[in-house]
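Given only the sequences and the hints, what does the whole structure look like? Please build it.
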Amino acid sequence: MRLSWNVTQKEIEDMKKDAEHKIVIIGMGYLMEYIAPCYKKMLGEHLADQVLGVTVDREGLEEKSKNCGFPVILDDNLGALNRIKPDLIFFAPPPSVAPALTETVLKPYYENCRADGREIPMLFAFPPNPEGKFYQSALGEDLKVVNILPNMIREIAGKPSELAGFSMVTLPEKNNWSEEELLFLERFWNPLGQVIFLSPQEVKAALAVSCSNQMLGEV
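Just so you know, this note's numbering puts 60 at position 60 of the sequence shown, and the rest follows in order with no gaps.
Simulated from the structure, these hints should not be mistaken for laboratory data.
Because the structure is a prediction, the values reported are computed rather than measured.
Be aware that one or more of the hints could be misleading.
Mimicking BS3-like on lysine-lysine, the simulated pairs with C-alpha atoms at most 25 Å apart in a straight line are [as the list claims (entries may be wrong)]: (1) K66 x K133; (2) K144 x K174; (3) K22 x K66; (4) K133 x K174; (5) K107 x K144; (6) K144 x K133; (7) K22 x K40.
So this is what it looks like as C-alpha cells:
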C-alpha cells in the first residue's frame with residue numbers, strides 16, 4: 001500500500017518534532033550519502049549537531065565529513081551511539097557483517113537503553129537481509145524496525161524520472177508501527193520520490209519491477 005496524506009496543522013507540528021530527531025549512521029558509505037536529501041530536509045540547520053556517521057574506511061574521512069555536513073568518525077560504533085543517544089539508527093553495513101554487528105554493537109546498546117529507562121531507537125536496516133524479524137528476535141519484540149531499499153532512479157535515458165521508481169519500506173511480519181509512525185516514514189523518504197510499504201513476501205517482486213524500470217528506458 002501507499003499512504004496518502006493532506007497537510008494539516010497537526011502534521012506541521014509533527015514535522016517540527018521530526019527536526020528534533022538524532023541519528024547515528026553505522027556504515028557511512030555511498031548509500032548513506034545518496035539518501036542525504038532525506039535527513040537534510042528533516043533536520044535542516046540542526047544537521048551537524050544531530051547526526052554522527054561511522055565508517056571503516058580511513059581514506060577520505062575528512063572529505064566525507066565535509067561533504068556530508070556532519071561528523072564522520074572511524075570505526076567506533078558503540079562510541080557514536082553513546083555519544084549521540086539517537087532516536088534513529090541507520091544500519092548500513094555489508095550484509096555479510098550485519099548479523100555480527102547486531103550482536104556486538106546493537107544488542108548491548110539496546111540493552112543499555114532499556115536498563116537506563118530510555119526509549120529504544122527506531123532501526124532503519126539497509127541490507128535487505130536479514131529481515132526485520134531477525135532484528136526483533138535479536139533486539140526485542142518491541143523494536144520498531146524496517147528494511148529500506150531507497151529509490152535509486154534519478155534519470156532514464158538522460159531524463160529526470162524520480163517518480164518512475166519508489167523507495168521500498170519493508171515492514172516486519174510482526175508489524176508494531178502505528179499509523180502516525182508510518183506517516184513519519186513516508187515524510188522522511190518523500191524527498192526521493194514515491195514511497196511504498198511492503199511485506200517481506202512482496203519486496204522481491206517490487207525490486208524486480210524497479211530494476212526493470214531502469215533497463216527498459218535504455219532498451
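Quick one, are K66 and K133 close enough, alpha carbons at most 25 Å? violated, 36 Å
Quickly compare the C-alpha distance for K107 and K144 to 25 Å and report which way the hint goes. holds, 14 Å
Measure nothing beyond the straight line between the CA atoms of K144 and K133; if it is 25 Å or shorter, mark the hint as holding. holds, 11 Å
With a cut-off of 25 Å on the C-alpha distance, tell me whether K22 and K40 pass. holds, 12 Å
Between the alpha carbons of K144 and K174, is the straight-line distance 25 Å or under? holds, 10 Å
Please verify whether K133 and K174 have alpha carbons no more than 25 Å apart. Roughly 7 Å separates the two Cα atoms, so the pair holds.
Are the Cα atoms of K22 and K66 separated by 25 Å or less? holds, 19 Å
Checked against the numbered hints given earlier, the structure breaks only hint 1 and satisfies all the rest.
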